[in-house]
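**Q** If you want the building blocks of each chain, they are given just below.
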Amino acid sequence: MSPLSRLLALFAALPLMVAVPALAHHGWSWASEDWFELEGSLTDIYIGQPHPTLTLNDGTNDWTVELAPVDRTLASGFDEDVVAIGDTVVAHGHRALDEADYRMKAVRLVVGDATYDVYPEFAAELDQ
Amino acid sequence: MLEAIESLPLAIYLRRDLFAYPIVNALHILSLGMLVTSAVLMDARVLGAGRAVPLDAAIGVLRPVAIAALAVALVTGALLFSVRPGEYAGNPVFLTKLGLIGLALANAGFFVFGRRHLWPESAVTRVSATVSILLWISVLFAGRAIAFFGGS
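Residue numbers (full-length UniProt numbering), protein chains in the order written: chain A, 1 to 128; chain B, 1 to 152.
Hint data in this document are derived by calculation from the structure and do not stem from the laboratory.
Be careful, since some hints might not be right.
What the hints assert, rightly or not - So the derived list for chain B, only partly shown, Cβ under 10 Å to chain A, looks like this:
#1 Ala4
#2 Leu8
#3 Ala20
#4 Asn25
#5 Ala26
#6 Gly48
#7 Gly77
#8 Leu80
#9 Phe81
#10 Val83
#11 Arg84
#12 Glu87
#13 Pro92
Think of the CB as a built atom: it goes at the ideal place given N, C-alpha and C, for glycine as much as any other residue.
Just chain B, with the same shape it has in the complex:
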């Protein structure tokens, strides 16, 4: 599986081209910057910041940005992974980052479902917003740490 990814023509191109990898890398940073910013702004609004903007209006503007940024981050992240799949798949920091992304997405799903059906504007949604801030920032730190720790 990892060997198959490694030998994809696109992976080979990214590995050797002087410009493609840095461009994909920059797009990954751009998308996760937009994702973390839009998520944290929504969370801050849930926690009581910026009351001048109604919560539904804030979420209406920011959620599509967060979802689009997440899509770009997943695609560019997969491309960066394809360059050295064996190296990253065995890196505990990378695996920790994937786990944190899973938790952050599960928390986002919990927030959307809980706010709609169970506890709108409650302590539960505020705890979920706080957890969201912590998780997304942890994802960003774990992502950056891949380059420094855990690899060979």
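The shape of chain A in the complex, shown without the other chains:
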């Protein structure tokens, strides 16, 4: 094989190596299909690009709670000014299939009396 053909062969193999982590990052495939509820104290909040996230401490572990994309999270009414560090937040959604990974994808957040559905189309299922 010429050096160029060798490079091209390597290039052609790249998508195979990239496909696996790509599945784990976006979408929901990394999370359980079962509903999960987490109650914890807010230790960190980031509402911005590329991914809004919260960190909630359930008394034992720090959980990373992934929200919807920025525009959808803001459309739910949830933002950095509706909650303060130390507040109790209840997140409904789907936890990581790997239970050693303290991470969940939130569909609904409850802070005090306020409810924020960052994925309203899925949150409807919670009210049935």
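Chain A is already provided as a structure; the job is to place chain B on it using the hints.
**A** What follows is chain B alone, placed relative to chain A:
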């Protein structure tokens, strides 16, 4: 320092705007695609591919593309960093990527200097070209891995 970057008006705008961040992100991908491609083509020519094109002509066309792409990649990369500086500065994958960029640039400088003054068209420049291919592709993989590993 990180707090100062985080509170820049441009950083705040990028964090909250629906379109700015994805556009900067796309320009970053475009620039690093051009950078890696032009670097690898020069390296492949040094290693003996495409002998129909004289080496100096190939470098004459591709090096300005690589340098311009590097400049755009550095600016867009700094903008992407500004959105969550604390998060990235503490991410070992991000720091690994910066280290690999430093090595790739040092290798490029070594190649230019060595070819001009010490060992033109030699085993040394061919090793440097091979290292360049490996480093730039590693930079690309490390960059993509930031989104998947090392963060909280």
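**Q** Under 10 Å is the threshold here; is the Cβ of Val83 (chain B) close enough to any Cβ of chain A for the hint to stand?
**A** With a closest approach of 6 Å, the Val83 (chain B) hint holds.
**Q** Ala26 (chain B) was flagged as interface toward chain A. Is the shortest Cβ-Cβ separation under 10 Å?
**A** Violated: closest Cβ of chain A sits about 12 Å from Ala26 (chain B), beyond 10 Å.
**Q** Closer than 10 Å between Cβ atoms is the bar; does Asn25 (chain B) clear it against chain A? Give me holds or violated.
**A** Given a least distance of 7 Å, the restraint on Asn25 (chain B) holds.
**Q** Holds or violated: Arg84 (chain B) as interface residue toward chain A, Cβ cutoff 10 Å?
**A** At about 7 Å, which falls below the 10 Å cut-off, the nearest Cβ of chain A leaves the hint on Arg84 (chain B) intact, so it holds.
**Q** A closest beta-carbon separation below 10 Å is what the hint needs, so does Ala20 (chain B) meet it against chain A?
**A** Holds - the Cβ of Ala20 (chain B) comes within 10 Å of chain A, reaching about 8 Å at its closest.
**Q** Do the numbers back the hint for Phe81 (chain B), that is, is its least Cβ distance to chain A under 10 Å?
**A** violated (12 Å)
**Q** Hold the hint about Leu8 (chain B) up to the distance rule: shortest CB distance to chain A must be less than 10 Å.
**A** violated (13 Å)
**Q** Is the interface hint satisfied for Ala4 (chain B)? The criterion is a beta-carbon contact with chain A at less than 10 Å.
**A** Violated: closest Cβ of chain A sits about 17 Å from Ala4 (chain B), beyond 10 Å.
**Q** Checking hints one by one. Is Gly77 (chain B) an interface residue toward chain A, by the C-beta closer than 10 Å rule?
**A** Gly77 (chain B) check fails; min Cβ-Cβ to chain A is 14 Å, beyond 10 Å.
**Q** Does the closest beta carbon of chain A sit nearer than 10 Å to the beta carbon of Leu80 (chain B)?
**A** With a minimum Cβ separation of about 9 Å from chain A (threshold 10 Å), the hint on Leu80 (chain B) holds.
**Q** With chain A as the partner, please determine if Pro92 (chain B) meets the hint condition of a C-beta pair closer than 10 Å.
**A** violated (16 Å)
**Q** Close enough to count: is the Cβ of Gly48 (chain B) nearer than 10 Å to one in chain A?
**A** holds (6 Å)
The structure shown violates the earlier hints numbered 1, 2, 5, 7, 9 and 13.
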